[in-house]
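Asker: Letter by letter, the chains look like this.
4 protein chains.
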Amino acid sequence: MNTLGNKLRVTIFGQSHAAAIGCVVEGLPAGFRPDMDRVASFMARRAPGRTAWSTPRQESDAPEILSGLVDGILCGAPVSAVIRNSDQRSKDYEGLRRTPRPSHADYTAWVKYGEHYDIRGGGQFSGRLTAPLCFAGALALQVLEARGVAVAAHIGQIGGVFDPPPDFARVEQKELTALLERPFPVFSEEAGVAMRQEIERSRMEADSVGGVIRCFALGLPAGIGEPMFGGVENRLAAALFGIPAIRGVSFGDGFAAAAMRGSQHNDPFVMEGGAVHTRTNHAGGVLGGITTGMPLVVNVAVKPTASIAREQDTVDLKTGTDTTLVIHGRHDPCIVPRAVPVVEAVTALTLLDMLLEE
Amino acid sequence: MNTLGNKLRVTIFGQSHAAAIGCVVEGLPAGFRPDMDRVASFMARRAPGRTAWSTPRQESDAPEILSGLVDGILCGAPVSAVIRNSDQRSKDYEGLRRTPRPSHADYTAWVKYGEHYDIRGGGQFSGRLTAPLCFAGALALQVLEARGVAVAAHIGQIGGVFDPPPDFARVEQKELTALLERPFPVFSEEAGVAMRQEIERSRMEADSVGGVIRCFALGLPAGIGEPMFGGVENRLAAALFGIPAIRGVSFGDGFAAAAMRGSQHNDPFVMEGGAVHTRTNHAGGVLGGITTGMPLVVNVAVKPTASIAREQDTVDLKTGTDTTLVIHGRHDPCIVPRAVPVVEAVTALTLLDMLLEE
Amino acid sequence: MNTLGNKLRVTIFGQSHAAAIGCVVEGLPAGFRPDMDRVASFMARRAPGRTAWSTPRQESDAPEILSGLVDGILCGAPVSAVIRNSDQRSKDYEGLRRTPRPSHADYTAWVKYGEHYDIRGGGQFSGRLTAPLCFAGALALQVLEARGVAVAAHIGQIGGVFDPPPDFARVEQKELTALLERPFPVFSEEAGVAMRQEIERSRMEADSVGGVIRCFALGLPAGIGEPMFGGVENRLAAALFGIPAIRGVSFGDGFAAAAMRGSQHNDPFVMEGGAVHTRTNHAGGVLGGITTGMPLVVNVAVKPTASIAREQDTVDLKTGTDTTLVIHGRHDPCIVPRAVPVVEAVTALTLLDMLLEE
Amino acid sequence: MNTLGNKLRVTIFGQSHAAAIGCVVEGLPAGFRPDMDRVASFMARRAPGRTAWSTPRQESDAPEILSGLVDGILCGAPVSAVIRNSDQRSKDYEGLRRTPRPSHADYTAWVKYGEHYDIRGGGQFSGRLTAPLCFAGALALQVLEARGVAVAAHIGQIGGVFDPPPDFARVEQKELTALLERPFPVFSEEAGVAMRQEIERSRMEADSVGGVIRCFALGLPAGIGEPMFGGVENRLAAALFGIPAIRGVSFGDGFAAAAMRGSQHNDPFVMEGGAVHTRTNHAGGVLGGITTGMPLVVNVAVKPTASIAREQDTVDLKTGTDTTLVIHGRHDPCIVPRAVPVVEAVTALTLLDMLLEE
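Protein sequences, first through last, are from chains S, L, U and F. If you use our numbering, the first sequence corresponds to residues 1 to 358, in order. If you use our numbering, the second sequence corresponds to residues 1001 to 1358, in order. If you use our numbering, the third sequence corresponds to residues 2001 to 2358, in order. If you use our numbering, the fourth sequence corresponds to residues 3001 to 3358, in order.
Because the hints were derived from the structure by calculation, they are not lab data. In this text, a Cβ means the ideal position worked out from N, Cα and C, and glycines have one as well. One should not assume that every hint holds.
Below, simulated DSBU-like cross-link-like pairs (lysine-lysine); rule was C-alpha separation at most 30 Å, straight line [what the hints assert, rightly or not]:
hint, chain 1, residue 1, chain 2, residue 2
1, S, Lys7, U, Lys2174
2, L, Lys1007, U, Lys2007
3, F, Lys3318, U, Lys2007
4, L, Lys1007, F, Lys3007
5, S, Lys7, L, Lys1007
So these bits of chain L aren't anywhere near chain S, every CB distance computed over 10 Å [as the list claims (entries may be wrong)]:
hint, residue
6, Pro1029
7, Asp1071
8, Gly1072
9, His1116
10, Glu1145
11, Leu1179
12, Asp1207
13, Asp1253
14, Arg1279
15, Gln1312
Could you build the full structure based on these sequences and the hints that come with them?
Answerer: Structure follows, in structure tokens:
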């Protein structure tokens, strides 16, 4: 299902090596004038080919906007945008149809769609489809900002290296702003150095490494979300698992809560500046599916990139026998840094949708 | 939003101290004859008051079926069932309207619904509403079973105690059957003893403790699920976060994947008995949102029960001042065991919905 | 699909001869105190057995409210209500399983659900399921009224007799109020007499007769509705066709527009009392799917009751041969009067849902 | 809401004078090879500028397919297509922002979206957006055909001229095939001549004229559709009202059923060739929301084109005073012929969606 959201509704289309990829975004507020330079900057954070640790594929991911804007202002009609695929080295991929790459979607796509599914570059499962998602998210982020809501994420973990997060009850706007300006978004520069070493190490070993992204939203009013199946967690998790390679989504202390006592995990209410706050924020800003007004904290586990430069065991789907394969080309040993803006985009799209629905 | 699912659609209603709670289940296959004794047994696993570690509230949670069955056979019309609330000690709760319980939904409900929300026993946020969810899930489990799909969960963690899971690539039907027959569903009886000690310890300390539930589904065909926002993970996470106290949902190795290398996490394809399998199953049975045919593995983090028998800081919503509260009554120090069938129920409902949609 | 609506969501359950029928209504505004006497009066308009022209089945359709209200006030949780079925003359219907009644859903239910579908009294296809729909609609009507929106319908046609409608641009609140107070809701009492004669005539002929219901909504603000597939017409039609026996839905001049010239059908804009109005209202209050602020006018065609006291041709599904059947019992020769509150209820539920979504 | 459907999901985007219009179609069956010449022919039936009675705007509506096809075969990924807008005479329209055209969406768009809505050529409300809808529908029609389902419509009425339809119980495949080959799709060529005269007459009078389109679907299996709000009528009506200028949707005898007796309208069941049929088909192929297996018959009322070459009363939104306007340019006096393929497209998309959901 390539459509996300109710009142703000995003539809993603395209395959890695089709003529184009793109999106349709319905429900953005008419009359808003997005800053397109900032949209481009945001999308650049996701683009490959910029840094030592990303894939060499160099593409201009500049979207062409086909509708929804008149003289640079949102007119109320759906915004549609198209990004052309210039790099279509289809031949690299044809052999993979017989020998599915381990931990890619090659095999499940073959089961689901039969022999005619688009194998080239991962087809519709390619990480490249997060580009239009970032375009849509960049618009949502600006609308949220105009409503006083800031969204930003840091790299919480790469392999065994952790970036210590701020107190969830005391995250500040300026900390998030700083994150957004860093090419490698961590709070501790020291941790950042160690993380990049970890990534480089995995590359030297012809391997890849996973990580955790932690996303914050400040300025959300209390009372957003519905009980039971319409909560903030339900909606954000349903959206975030749409990002390739995500293996887990948690809120606040997340899985660490399993090892905690209630007396540690409970967040006492306190009056602060005339408002009801919680002294701690283990909950990550949500109780009963509904925002408390405290910072929203969502954690996302990213698996190590499936493409590694090693020989791997697989099967030949044609002959039904075991075989091996080597995935040629240069590989990004860690997609976590590039996934940060995607997590921000999906979080922003979902939160704006929920705000518009209230 | 009290409705879950598309083709199999469950609507939950009721509050802890309303006249009743119940559910409507649409889309179950006509002609199927559910075993109502097994439905009752399944629901009993969730019911409070059975064991040393559960709350003392004793209720007959026997559902009255109002529609959808004729002579014990599903007729195609929605199944509706009602469970009466016999225990309505409303007075216990009235004071809480001013002083929200930390880490409960009292405060967010007050923000969202105003002063008229139902504070009694947690109202619509009460864990009691998982009873009709279990009723619906018990029916889904039987339909799945008839289609060769088995769903069962174990307690993977209580506080600092872990139950070692089986190899995700080799989980067997008989292991799941054994789990379902255990009052305290763990693979290692030794771990179970330690877990119950951990629960008892938290009770002695007037505290509570969290845990992790790991749910398996065997027998799912490969090819179930849609790419992007319609994947198995999106759908299951959206549903599972509807269970109170859930703080995280992950698949296969989950957050542990963040610390892994690709060479460790990738699951090589192998031919086994003429079928395509994976030698390991770090992915937990899903690639690209679509089932691989290997065991599905979903992990759920449960926070420590928010109700603890200690004085806690909170605020007085009427005067806008800091205050304290003590939650009277006996408290269940760990809801994890009772949440096991709820996780199974929600997993079964979602998987059956997805199977029916194919 | 027994669920209607997005933000205001109604789920209907039950069969004619099950233990009960009922509904769950989610999304009504917390803090509102419905007048339950008016709910009962509204529901009584639909109930059978009241008049010469309705079916003899006498039932207390008093709903028992199970949840969603605390001390008579909506608390934010879903409202659920159950109506018991006291009259369960199941034996009358068993023979029909072999010989489907012409123009009933007996045959299509048999195809869809197999031999176990509930044949008794029409099962889930029974007009009796409009009782909980009216309960839900009665609540929506009161909430709409509090927001300045009035909804009421008249019988526009019975067989060949027409009740002349008011000028669609000049419908007044007091006319609607008068309609709601009439047991047989027509503008012209003369037309009403002729209609009742038409109904009586069809009864004498062991036959039935159809009609048209025209429903108005006053006080809707301009700007409600979405373009394309989310318009007022799309939403209302999708809902109204959920009422049994409805064969057509149109807006304003409806099918008569087909024979008109643009110069006749166009509604010129005029300033009236400082507001933009239209001089005429052939459009029925909607342009491009969005309300104009003029009275909303929706027309609903009701087929003649399928149950008639004559021998009819049908087939024997068991033997696959032609046969005849006679439907025993007394038959309501015209359901149009009883369908009026159902049309009002469904219109109110849909409009309130759309208002809440804005 | 620019998205239609559940399993087959179409999203339409663009405005009349934006850079482009287009669509995304998700859920078409992988492995199917559409005949693109037939797609082009189908789309040409809708295109303006072909005939004496259509608007003079001449555009190549050739869609560029951006994704979803590999070597001409559906690969399982969403099909996206873009149609460039070459003719963007924006200046013609700017004055209309102050003086909304009667019975167009100018005024309601202004209320909903504010001053920045796209007024040019009707913006997102333009009939031009039915071009991508026809592209999507053309694909659906071919998939339906491969499954044995044929969809075709005739012009049932233009102004006061009627094309006599065939017996709804005896519509034949070859009659539908003939319809599709006629530039002016009527059963009676005599009626066609009279209709074209009626259209020409309205043009000579600087006026426009409405009509009725009747669409048939043959070959649908019995049992498609859900009770209550998920019936064939609910789904088709919700979709068809998405076509501009539609004022009514009815099934079988439609509004004529209001004047009928049950003994006339009931369709007796008969065995024919070993299958259950109905002797007549007043119901139009649906009972209780579920297909009977008889021909599906849906009628659609089209209002006279709102653009007429006469001075009309309107208001000046800036000054709040009454004024007049003349809509310049050449006007299509009757959009009914061009709306025929659009009705077929929307019917096909909805029926295929429902078939895929079963």
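Asker: When the structure is checked against the list of hints, which entries are broken? Sort them ascending.
Answerer: Of the numbered hints given earlier, those the structure breaks are 1, 3, 12, 13, 14, 15, listed in rising order.
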